[in-house]
Amino acid sequence: MHIILPKTKLKPGTQTLQELIFRLSQFWDRHGCIIQQPYDMEVGAGTSSPETFLRALGPDPYRVAYVQPSRRPDDGRYGENPNRLYKHLQMQVILKPPPVDIQDLYLKSLEMLGINLREHDLKFEEDNWENPTLGAWGLGWQVMLDGLEITQFTYFQQCGGIDLDPISVELTYGLERIAAFLQDVDSVYSLRWNDSTTYAQVRWQEEQQFSVYQFEMADVDMLWQQFNQFEKECKRLLQLWSDTKEDAARQRFPVLPAYEMVLKCSHLFNLLDTRGALSVTERASVIGRVRQMACGVAQAYLEQPKPAMAL
Amino acid sequence: MEEKFQEFLLELGVEEIPAWMIPSALADLRRNLEKGLTESKLAGGRALEMQMFSTPRRLVAYCPALLEKQPVAEELVQGPPKRIAFDADGKPTVAATQFAARMGVKVSKLQVVTSPKGEYVAVRVRHRGNSAIDVLKELIPSAVLGIYFPRTMQWEGKAGPRFIRPIRNLVALFGGHVVRCSIGSVKSGRFTFGHRQLGKPHLPVKNFSQYRETLHSNSVLLDSDARRARIREQIALLLSSEPGYRLKENPDLLETLVHLTEYPTPLLGSFDPAYLSLPEEVLITVMRGHQKYFAVEDASGKIAPRFIAVMNTDGDPSGIIRHGNERVLRARFNDARFFWESGAELRLEQRIDMLRAVTFQSQLGSYYDKAERMQALASGISYLLRMSNPAAMQGEEFEFRRACQLSKCDLTTDLVKEFTELQGVVGGLYARREGLSEEIAAAIYDHYKPESMEDELPRTKLGDLLSLADRIDTLVGYFGIGHAPSGSKDPFGLRRAANGIIRILAEKNWPLLLDGLVQAGCRAYTDAQAQGNAQSWDRQKVDQDLLPFLEDRLRFYLRDVRGFAYDEVNAVLAAGGSDSKGKNYEVVDILKRIEALARIRPTENFEPLAAAFKRMKNILQQASQAHGFSGGKVNENLLREIQEKELHDNFKDVSQRAANAKAADNYFAALEAIAALRPAVDRFFDKILVMDKNPDVRNNRLVLLQSLLNEFSTIADFSEIVPREKPSEPRA
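These protein sequence lines map, in sequence, to chains D and W.
For the first sequence, our numbering begins at 1 and goes up steadily by one.
For the second sequence, our numbering begins at 1 and goes up steadily by one.
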């Protein structure tokens, strides 16, 4: 892998990856978002974070933005492909309910990045989103800037099998792509993370090693055992939940930890799939098992009485 | 009173509607508005004139002239019968007073009318008519929300409207006045909006011509024809600077781009000629599929290192947009090259086992299972072909099975995972690259063809056979788990699969019977079940539904694609097989027969003869009901009249000639011979009373007619023909 180290300064007006994150965070902070930190577990997308999956449920308004490192084991390329990553960064924004001028607001966030839209070609192209393991779907677009898909723009309609009311809008910025566009580089590994460091320096080793592990070395039996254990624990909790009737006990019941079991299982499913360990029928049935857990947790989350200080 | 007309303008502002849905959404909106306006009689005495326009962000309807007010209408409303409304003394009863009260008139205003059912009380009601504005404010929301979309969303809560994307603006003007109405939280008004980047967001509208101009000066080309024309003209202009290069036409892509832009401007980009080492199919798919770029070709039709992107803006003076698009394309070509080269590291054969992990259908198993069944089908089809020609498929059966085994292997390549539309093509390219026989490579390459009625057929015989095996397996499988298409829905593309089978059989002259193919497909599934696979597949469901489904597709093909008249299709499909054992599903034979039928039909004798055949059929049906007639052999000694002797002699002679013609595969000559029977048939019906008093004579005549009918209904059942002109009626 040939990696270009930064020798020259960035062109004026362009930003490092971390500046990009700062600016987007600042923009959405100004529009009333809680700036959350990445969820500290493996997720396939920012959508899986409870800040999206659970917060989208129920009637209460919510606005949040966060960077979410997202793991897609199947996209791992040993650091050898300039555009595909086992782990990439998403900037996830949730606005519930969506303001009527949401499209304009989104475009303003692009201008905040120094993109003069008058000089570019922008299109909203149909792209509907569906995640069968989470029982979730929405309608929306991929936003194309000069032929590059820079954002997924989705009006969530269902989550955990539950119709949302009100709905949320989800904006998912592909940070590496946008940074590569702004810095005009052909490989994510050549991106400037900050003024003195490249993306390759920070992340290449990780891409290589995780690709090796998940394609070649991950122990399938262990993955299965873990999957079964986390599933068992999740189901145990959901059973206990349905047996718990008293309000005070319900209020303190660990629904949120039960959701973490779902996330564990979802990631283990991805690893098993990448390892080629799932036959056709197994694959469909494992997706069904994860969905069942996700829908159960979503239902419990909605039913749970909230403590006075909680959002 | 003089009728006054005003113009009506409706503009629905929506966040970007998916390009492919726009034409049908616009047609729906037109239909809904037309229906409402016609019912409310607002067009006055004129024909309703309506123009429709669309961009990705707006659906627009314009009527140059609607009445200001609905015309006054009088209606006679009928009430209870007179005998109930008035008592014996002629005094109004409760029924009369209630009816009058309901209609808001005095009892004395009731009149008596005479209807075919008797005398009733009635009252004449005058509808003064609502103003157009009142009609429109009711009509607009229902016409808009009545547009059909495959999947809809809500954006203002469950109680709010559902549409394809959020509705954000509504202009509704009648004669310059706002028609007050609302859709969800959006209220109608007189302000529209320009192009997102090039126009102003808040633009007042007075009337249609000013609306059009305002949009135009705010960089919105309202007319999709204008956008199409602009794209075409500008592409021509761009390519005029590149002698020898021309656009690789793609009408579907052009339509998508027309509906993806409000102000389209093409740009010409380049890529490194080194990428031309990738297969052309891959290059084109990368450009067209995700990037929506047109490919450019040179004079010899080879792909040139250029592309055309269509921007939704007015230009790219600094070249920054071109630069961005070139960068994206480079990354995509790099990806494709990586996939293409890494894919070649495994031979197709080495991928067979990997197919176990690719689902075909959860109840029917993986593509590995499908490929296994297709191999069994290959043997079955080869056997069928040897039945009609013992020399057929001697050496080719092995190749056929091999092609089936390898046909789906490309589904495990990254290239096909990335570009699913290249399935088959990629397999074919790899097969060629690794040195498999050209026959197999071409068959794999083509086996998803034809994808539509217009699409090309596979180029080779093996390609035909592979495509047939694939489709038969899919149909037999899906029907066997109860997934036959219902109504207009066809989520698994089964109609398309069946249409492809019919086309290949008909247009490439395969002497295969549809029922034989279905049976071969079923055998492959029962074999699979014996090995523990596809357990929920049920043969009964296939037997019950699949052949009628294929027959329906065949009818569609003969009528809508080949243009044969419906009664000719009925006649040919109702005819017994050439083996006279019930239905004959040999598509090639059916096609030959219907062609002969359509050719003989305009000749002088044919339709009168067809009418006579229908008459014979009726007589025989009645006879079998009334007298229990059940057939037999003609007894020549019982033929007494000259006309029946003549018919019998003619019959013997004609059946010999028709049989000879059929044996020589000349259905037209056979039909010609049969048509020559007409004078004898006419004379027979003219002079002979079939239902003679003597039961033996009667029976003999019936037998003669039945023999005639049976003998001459194998090409087509003439009684199905509906005469175009009134034939001369033979007397009974």
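Mixed in with the good hints, there may be bad ones.
Non-contacting residues of chain W with respect to chain D, defined by C-beta distances greater than 12 angstroms in every case (computed) [claimed, not checked]:
no., residue
1, Pro92
2, Thr114
3, Gly146
4, Ala661
5, Pro679
Here chain D is said to cover these stretches of chain W; the calculated rule only asks that three of the stretch's residues, wherever they fall, bring their Cβ under 8 angstroms from a Cβ of chain D [claimed, not checked]:
no., region
6, 4 to 18
7, 155 to 163
8, 308 to 315
Don't read these hints as lab results, they were simulated from the structure.
Fair warning: this is a prediction, and the values are worked out from it, not measured in the lab.
Beta carbons: idealized from backbone N, C-alpha and C, even for Gly.
Hints and how they fare:
no., hint, in the structure
1, Pro92, "holds (56 angstroms)"
2, Thr114, "holds (58 angstroms)"
3, Gly146, "holds (19 angstroms)"
4, Ala661, "holds (55 angstroms)"
5, Pro679, "holds (67 angstroms)"
6, 4 to 18, "holds (count 3)"
7, 155 to 163, "holds (count 4)"
8, 308 to 315, "holds (count 4)"
Of the numbered hints listed earlier, not one is contradicted by the structure.
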